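Chemist: As given, the protein sequences belong to chains S and C, one line each in that order. Sequence positions in the first sequence follow our numbering and run 130 to 325. Sequence positions in the second sequence follow our numbering and run 124 to 902.
In short, the hints are calculated from the structure, not lab data. Computed from a prediction, not measured in an experiment: that's the story for all the values here. Be a bit skeptical, because a hint or two may be false.
[What the hints assert, rightly or not] One side only, chain C facing chain S, incomplete, derived with CB under 10 Å:
| hint | residue |
| --- | --- |
| 1 | L264 |
| 2 | G270 |
| 3 | S275 |
| 4 | V301 |
| 5 | F674 |
| 6 | D754 |
[Claimed, not checked] Computed footprint of chain C on chain S; a stretch qualifies when at least three of its residues, placed anywhere within it, have a C-beta under 8 Å from a C-beta of chain C:
| hint | segment |
| --- | --- |
| 7 | 188–197 |
| 8 | 204–213 |
Backbone N, C-alpha and C fix where the C-beta goes; we use that ideal spot for every residue, glycine too.
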Amino acid sequence: MSRFGPSRSRFCALAGLVLLCQTGHAAPLSIAQLMASLAKQPQGTATFTEKKTISILDQPVESSGELLFIAPAHLEKRTLKPRPETMVLDGDTLTLERGRRKRVLQIRDYPEVGGMIESIRATLAGDRKALERVYHLALSGDLEDWTLILTPLDARVGAIIARIRIAGAGDAVRSIEILQPDGDRSLMTIEKLTPR
Amino acid sequence: MSPPRHSGATAMVLWLVSLLACIGIISRTHFTTDLSAFLPRSPTPEQQLLMDQIRDGLASRLILVGIEGADAPTRARLSREIAQRLRADHAFLNVNNGEPVNAERDRMFLFNNRYLLSPAVVPARFSVEGLHAALSESIDLLASPAGLLVKSMLPRDPTGEMVQLLDQFDHGTHPKQVEGVWASRDGSRALMLLQTRAAGSDTDAQQGAMAAIRQAFDHAPGATPSAKLVMTGPGVFSVTSRDSIKHQVTRLSLISLALIATLLWFVYRSFSALVLGLLPVMSGVLAGIAAVSLGFGTVHGITLGFGTALIGEAVDYSIYLFVQSEQNSADRQDWIKRFWPTIRLGVLTSIFGFASLLLSGFPGLAQLGLYAMAGLIAAATVTRFVLPSLLPANFRIHDVSAIGLALSRAVQGAAVLRWPAAIVLLAACAIVVDHRASLWNANIASLSPVSQADVELDTRLRADMGAPDVRYLVVVSGANQESVLRASEHVSARLQTLVEQGELAGFESPSRYLPSVATQHARQHSLPARAVLETRLAQAVEGLPVDARRFVPFLDDVDAARNRPLLQAADLKQTSMAMAVDALLIQQQRQWRALLPLTAPEGGSIDAAQIRAALSTMPDVWFVDMKAESDRLYSGYLHEAIVLSLGGLVAIIALLWAVFRSPLRVLRIIAPLAAAVITVTAGLSLFGQQLIILHLVGLLLVIAVGSNYALFFDRPDPRVPIPPRTLVSMLFANLTTVAGFGLLALSNVSILQAMGVTVAPGVILALVYSTIFARRADA
Numbered sequence: 130m131s132r133f134g135p136s137r138s139r140f141c142a143l144a145g146l147v148l149l150c151q152t153g154h155a156a157p158l159s160i161a162q163l164m165a166s167l168a169k170q171p172q173g174t175a176t177f178t179e180k181k182t183i184s185i186l187d188q189p190v191e192s193s194g195e196l197l198f199i200a201p202a203h204l205e206k207r208t209l210k211p212r213p214e215t216m217v218l219d220g221d222t223l224t225l226e227r228g229r230r231k232r233v234l235q236i237r238d239y240p241e242v243g244g245m246i247e248s249i250r251a252t253l254a255g256d257r258k259a260l261e262r263v264y265h266l267a268l269s270g271d272l273e274d275w276t277l278i279l280t281p282l283d284a285r286v287g288a289i290i291a292r293i294r295i296a297g298a299g300d301a302v303r304s305i306e307i308l309q310p311d312g313d314r315s316l317m318t319i320e321k322l323t324p325r
Numbered sequence: 124m125s126p127p128r129h130s131g132a133t134a135m136v137l138w139l140v141s142l143l144a145c146i147g148i149i150s151r152t153h154f155t156t157d158l159s160a161f162l163p164r165s166p167t168p169e170q171q172l173l174m175d176q177i178r179d180g181l182a183s184r185l186i187l188v189g190i191e192g193a194d195a196p197t198r199a200r201l202s203r204e205i206a207q208r209l210r211a212d213h214a215f216l217n218v219n220n221g222e223p224v225n226a227e228r229d230r231m232f233l234f235n236n237r238y239l240l241s242p243a244v245v246p247a248r249f250s251v252e253g254l255h256a257a258l259s260e261s262i263d264l265l266a267s268p269a270g271l272l273v274k275s276m277l278p279r280d281p282t283g284e285m286v287q288l289l290d291q292f293d294h295g296t297h298p299k300q301v302e303g304v305w306a307s308r309d310g311s312r313a314l315m316l317l318q319t320r321a322a323g324s325d326t327d328a329q330q331g332a333m334a335a336i337r338q339a340f341d342h343a344p345g346a347t348p349s350a351k352l353v354m355t356g357p358g359v360f361s362v363t364s365r366d367s368i369k370h371q372v373t374r375l376s377l378i379s380l381a382l383i384a385t386l387l388w389f390v391y392r393s394f395s396a397l398v399l400g401l402l403p404v405m406s407g408v409l410a411g412i413a414a415v416s417l418g419f420g421t422v423h424g425i426t427l428g429f430g431t432a433l434i435g436e437a438v439d440y441s442i443y444l445f446v447q448s449e450q451n452s453a454d455r456q457d458w459i460k461r462f463w464p465t466i467r468l469g470v471l472t473s474i475f476g477f478a479s480l481l482l483s484g485f486p487g488l489a490q491l492g493l494y495a496m497a498g499l500i501a502a503a504t505v506t507r508f509v510l511p512s513l514l515p516a517n518f519r520i521h522d523v524s525a526i527g528l529a530l531s532r533a534v535q536g537a538a539v540l541r542w543p544a545a546i547v548l549l550a551a552c553a554i555v556v557d558h559r560a561s562l563w564n565a566n567i568a569s570l571s572p573v574s575q576a577d578v579e580l581d582t583r584l585r586a587d588m589g590a591p592d593v594r595y596l597v598v599v600s601g602a603n604q605e606s607v608l609r610a611s612e613h614v615s616a617r618l619q620t621l622v623e624q625g626e627l628a629g630f631e632s633p634s635r636y637l638p639s640v641a642t643q644h645a646r647q648h649s650l651p652a653r654a655v656l657e658t659r660l661a662q663a664v665e666g667l668p669v670d671a672r673r674f675v676p677f678l679d680d681v682d683a684a685r686n687r688p689l690l691q692a693a694d695l696k697q698t699s700m701a702m703a704v705d706a707l708l709i710q711q712q713r714q715w716r717a718l719l720p721l722t723a724p725e726g727g728s729i730d731a732a733q734i735r736a737a738l739s740t741m742p743d744v745w746f747v748d749m750k751a752e753s754d755r756l757y758s759g760y761l762h763e764a765i766v767l768s769l770g771g772l773v774a775i776i777a778l779l780w781a782v783f784r785s786p787l788r789v790l791r792i793i794a795p796l797a798a799a800v801i802t803v804t805a806g807l808s809l810f811g812q813q814l815i816i817l818h819l820v821g822l823l824l825v826i827a828v829g830s831n832y833a834l835f836f837d838r839p840d841p842r843v844p845i846p847p848r849t850l851v852s853m854l855f856a857n858l859t860t861v862a863g864f865g866l867l868a869l870s871n872v873s874i875l876q877a878m879g880v881t882v883a884p885g886v887i888l889a890l891v892y893s894t895i896f897a898r899r900a901d902a
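Kindly generate the complete structure, drawing on both the sequences and the hints.
Modeler: Okay, structure coming up:
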């Protein structure tokens, strides 16, 4: 069942329905409810397009590829364009592979990068605790169209991430936008789901 | 005073003076237990390298520490507290537990010196095309997940030299992290990797380092009884094996002394006889240690262990004197006339056997040879010249004639066993021939005094840590630092090709951290002048989504790099790279040497022939497989020891021939000894023990001890029966030897155990075969 697409499993649909029934159609969504809904899926695959707007570059740079998430701690981002590149986060270990080169990092050693990746992984996993270790959370919208805004608590992370805006519908994450303090932005659109 | 009395007094004075001298020498003696006893006296260059590495190479200085028990946060806290304390300790060059203590400094060093360190810095890199390509690459990288790491560096480092350096230095072999510190793969143990200042062979310093670690653990604020500290590493092995050899030698000496004293008490039933009987033994032990100390400068623990066992043989001489002589002093003069020549021949036989070991290139073996010779000569001489004059006039021992008569009858009947014995011997020959291929263990690890449990702990910690095993090395030598660094760069270029072909996973080189002056110059000269670079950069950005004006910091940095002084070894201080350079770049007297450790591809192995071929055209460069080298070294010793032992055997035969002038008599003396040796060898094979060098020493001892029995059984006229007292003396001499060596068989130090399991059954067999095959009146 896809983590990235709209709800597909009967169970999740049912769960969503129950939530809707309980809270009323336009009632605001609580973080706990969103996390519970996100936490229900063990894994998912999707494709993404990422557009980075960087001040030193005159045009945004674009990349695209596939995402794979396996709960609770495995996240893979396989970039196909402009160059094949793989990023695998498994537990605390981040493996970057580019051409023949492979680097293995501990995300603890790189809290900035770690914070960014953790925001995606913990959101997909519905892991509120992990998110709240690094960010202040603010949720708006309803289950069909929600926006979660993450603001870093730690100054070191704050030096590189101003805020992260995650938008989605139901248990599907649709886009992740990262805004940096220097005004640079990246917008990852999770476009197409590929049901397993 | 009668002349014999007078000579007795002279002997006594000489003896006392010698004893004092021996004690004086021993009190200044240095005792070791490290691998030095197994290192050759005149090494080849490869062996010299092996020795240097074992003695004070990078790997020899590593101590791996594990913290077990308690819970993960406690282990992590302990790891931090221990590390913090040890980082302030001068005994440690480096204390690593996964905390990024040097990370910032390392990054600064690399970034500030990137134009001198990056191998990508060549003139073409700073041409218009080169800049364009490098910039495109950097922009692509911005789009990648790693982009975040490089974005801030882009204005200063648009060609991505820092990324080049990080790629080169990061080998991706870090241990797992739990709670911010290194941990085993299953997370159950916190890990630390320490490098001592002292060489691995400096056992005292290693012991001090271990104590400091233990103390830091015990006194850590977070200490809890549920946490446990484990340590391993070459230095730790030296310390623990020294402790265990020391402990075992002391314990075994005491037990064997007690056993032998009990046996002697049973025979003598006289306290003074007991004490006097041990005098030759003590003299022998002291003389042996003193001789080795004088001859070698140090005494190895194994030699002492061997000495323990030799007590069992040296005591034989006094047994022969006490038991064989009648009960008054005139009879002792008679003993000297009747039996001394036989014993003297026995001693000479032993000495001829052991003398061959003196020629061994293996200092451990030569020490044993010298010890045995000096010890046996001293014990026999004291028995012959000192002991008779020390015995009180009314000296008597317990009457053993009843045992003697029983033995006489048994010996008479022993001939019945000739056929069964011959069959056993034949079977033994068959077993030895059948097992000939696997008879010897050619693995040097078989000599290691380290226990199996310790080896397993070491293997586990190393696997968790991904610690270097430094098995494969490329070695570059030269007259100065610059020449070895330049040669290292050439070697690196070829090794890099092999890495790209997948033949190697990677390699290390000191030139990576400290390039040669020539290379640094060349890199500096690759950097264009500011105005030139500015123009080229403006052209290079065409078609790229960047504005050249953003790269003013780059122009500044390149300009500065063009004029800065070149890197010196001292510039690396306080970075993690300093440790690598210290370990890999070595100055020895007037010679410099660079070591380039190779890493085999994962799951694969290194093809030595291919590496050698790749490096064949380079002078002063050679490839060493440390494991193969050490195994070759050991099998060389083993081969040499076998040849020398055979030489010893020939010398013994020559000696017997010179004395008896009768091939038949020589054969009769040698045959039971050879039979005993073959049977023991077959027995060991049958029990799955592969022979190591110390088994061979044991076999020599069987011949040395057994020759006494064979000589007593040998008599020109077979109708003269062997006196019952002689039989008793042989039985007890045999029992004491078995007691002395039998205990070694219980040792868990493999080299001591090997001697024990060979000598104890061997001497029993030598006595039995001598009895069974002794000449008969009816023969």
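Chemist: Using Cβ atoms only, decide whether C/S275 comes closer than 10 Å to chain S, and label the hint accordingly.
Modeler: holds (9 Å)
Chemist: Answer holds if the nearest beta-carbon of chain S is closer than 10 Å to that of C/D754; otherwise answer violated.
Modeler: Where the cut-off is 10 Å and the nearest Cβ of chain S is about 34 Å from C/D754, the hint is violated.
Chemist: Can the segment 188–197 of chain S be counted as covered by chain C under the rule of three residues or more with Cβ-Cβ separation shorter than 8 Å?
Modeler: As far as the segment 188–197 of chain S goes, the hint holds, because 4 residues have Cβ atoms under 8 Å from chain C.
Chemist: Let me know if the C-beta of C/L264 comes in closer than 10 Å to any C-beta of chain S, holds or violated.
Modeler: holds (8 Å)
Chemist: Checking C-beta pairs, does the segment 204–213 of chain S have three or more residues closer than 8 Å to chain C?
Modeler: Held - the segment 204–213 of chain S has 4 residues with a Cβ nearer than 8 Å to chain C, which meets the minimum of three.
Chemist: Interface hint check: C/V301, Cβ to nearest Cβ on chain S, cutoff 10 Å. Holds or violated?
Modeler: Check passed: Cβ of C/V301 comes within 8 Å of chain S, closer than 10 Å.
Chemist: Should the interface hint for C/G270 be scored as holding, given a Cβ-Cβ cut-off of 10 Å against chain S?
Modeler: holds (7 Å)
Chemist: Please check whether C/F674 passes as an interface residue: C-beta within 10 Å of a C-beta belonging to chain S.
Modeler: holds (9 Å)
When held up to the earlier numbered hints, the structure conflicts with hint 6 and nothing else.
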